[in-house]
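Student: Chains as they are written, first to last, in full-length UniProt numbering: chain W, 1 to 436; chain L, 1 to 250.
Hints listed in this document are in silico derivations from the structure and should not be mistaken for laboratory results.
A portion of the hints provided could be inaccurate.
As the list claims (entries may be wrong) - As a list, the in silico DSBU-like pairs of lysine-lysine whose alpha-carbon atoms are at most 30 Å apart: (1) Lys213(W) with Lys203(W); (2) Lys372(W) with Lys419(W); (3) Lys54(L) with Lys205(W); (4) Lys59(L) with Lys213(W).
As a plain string of letters, each chain reads:
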Amino acid sequence: MASENGFFTNAEVTTSGRPVLRRNEVECFLLSSVDLDSEDDPPRFTALRSGNLILTTHRLIWIPSQSTNASSLPSSLPLSAITQIFSHKKSIKSMFHSPRIRFQADPGSVVVTVVFRGKGDFDGFLTKFWECWRGRAWEGEDKSESETSMSGGGAVAQGLYGNDGTVRMVGLAGILRKEQEQWESTDKSLQDAFQDLNALMSKAKEMVSLAEKMRQKLLSAPSSQNGSGDDEEMGSKEEMQQWMLSVGIISPVTKESAGALYHQELSRQLADFVKIPLEQAGGMISLTDMYYHFNRARGTELISPDDLWQACTLWEKFDVPVMLRKFDSGVKVIQNKSHSDEEVMSRIRMLVTKTETLRTGVTASDAALTLKIAPAMAKEHLLSAETKGLLCRDMSPDGLRFYFNLFPEFDLTNLHLVKDFGEYAEWIKATSLVSV
Amino acid sequence: MRRRPGIGGLQKAAAARDQYRLLGENVAKLRTDMMKEQLATFKSQLEEFARKHKNDIRKNPAFRAQFHEMCAKVGVDPLASNKGFWAELLGIGDFYYELGVQIIEVCMLTRSLNGGLISLQELCNHLRQRRKKDREAVTEDDCLRAISKLKVLGSGFEVITIGKKKLVRSVPTELNKDHNQILELAQGQGFVTVEEVQRRLLWTSGRVIDALETLLEEGLAMIDNGNKDGKCQYWFPCVSSVYSFVGSDT
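Make a model of the complete structure from these sequences and hints.
Tutor: Next comes the structure, spelled out in structure tokens:
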């Protein structure tokens, strides 16, 4: 559908003068008062003067503005026909001229000059022009369109009208056929997937044996090697750790090695992050809670529980104010180095020697409230206090309660002797208040 | 090499040793280079696999399970670290670590009711409710894998099998054989009485009471003393099939 001037194709416009865009075509830029001139002499096409230039993902469309005479028709040029866009040279002369772009297009390697006589964002247009031309949006479509025509009726039609303009009946037949095709493609791809999986796994097996050798090398490397070989050794050890980690083999942190670089970095990052939750939790937080908070804060690129644990074990190598601690029950916690056991013990002692608690004892939840720590932590502290001999436990239908341990104060030869110092006297006072 | 006497001989021997050492270092370096190459090949193979099948692993639980089994056979742990090739290229790391976070959440929320022991089925139901908006289905197998990873955190995450059911433990409480047997018994009606345990397991009353008391203490059992026949019932929320907890959607 060549127009009268033989170069541009006619562009469809709506009654209100807007261009009709094809499927997937998106309008990118609009400029007014644009001329399209032919550079060559004699001119290859009649110039289009003073119209609106619309850049889309697929075409350049020129629409005459209302005021021009009707001899010029709306024209378009597909971006795929453009062979070259000449770079815009800024010179003194060009500052006085209207900005212009030159490009070369087929058929016939015609050079076109676009002159911008209006006020508009010329630079923005140029950038978008390059983008759309480079983006080659029409290519992906050609491929999918040809696929559609080859596979026949299985493709999804956009809207009610098919590619040839007839109304497409979707209906049950179409849906069923679509389901069938999906099933078949899944099945086949799964078969492929399993085959690929097998191949991958055999390769992985090789890597595992290789990693074993690496591990042997790591363990058996002599730690005392003076000279410049030392730094290299450390570097390569770290590398090896990193490789093993990449393949998926966990290697524990040894005395000599500091683990993979990733874990070292994570370790530092964690030490910083942990400060605030630790404050809020009263100086001690379980590893599980830490995993929860850290990953929630991260959002994406979450760390694995093993990562967290490895990073925490590295803390003892670095000078950070936090440490990992394991209780007898197996619970692992993070605590401040300054948060010593002594301090907690003294706080518990103060708690259990109050008159109230001499009488009724403390449960884990009471301790949690008073000491302002998590109940699970409180229980751990009470248990360790009991091991130290500070507390006695009382198991009753009411639950588990802890009392101050008075037994050390008893004189075994005279059980009823109440010394002037110590808690025994206090205890008697506290418990006798009840009977009053 | 012919041994030469005297200082000349000693010097020569020293020089020879040096040469051997250098050679050894070179060989070691060669080996390291070879290892690097092997690793690069493996990585590109994995990349190729990921390009083709990343979606399959995400969308198809059966394929995912198969993948895990094969990894276990080979001896690699694809979930070991976020920085591993597996997690990076296949993107399954985030899926499981996020699942781990959600499991911790659910266990924390239900702990006051079931004492830290929740049936796997119930856990999966809770998770599915939370993940309604995610298109990726979560199977029990996925939960089990996520939980096995959580074990290292030390809070006692473990899966125990009682009778036909699988229970997920999230507290460090150790359950001995007696406790397990009582739990198994409780699966029938959701509760047990002292007499029932005595009758069925042929224990002494002392043993029964001891075990039940411990379970009460740890919060795994709830006591119901208001029955008409006067018998005390011990209910276990974690194994009860009549008990359904409607979780709150945040």
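Student: State for each hint whether it applies.
Tutor: Here is what the structure says about each hint:
no., hint, verdict
1, Lys213(W) with Lys203(W), "16 Å, holds"
2, Lys372(W) with Lys419(W), "34 Å, violated"
3, Lys54(L) with Lys205(W), "21 Å, holds"
4, Lys59(L) with Lys213(W), "36 Å, violated"
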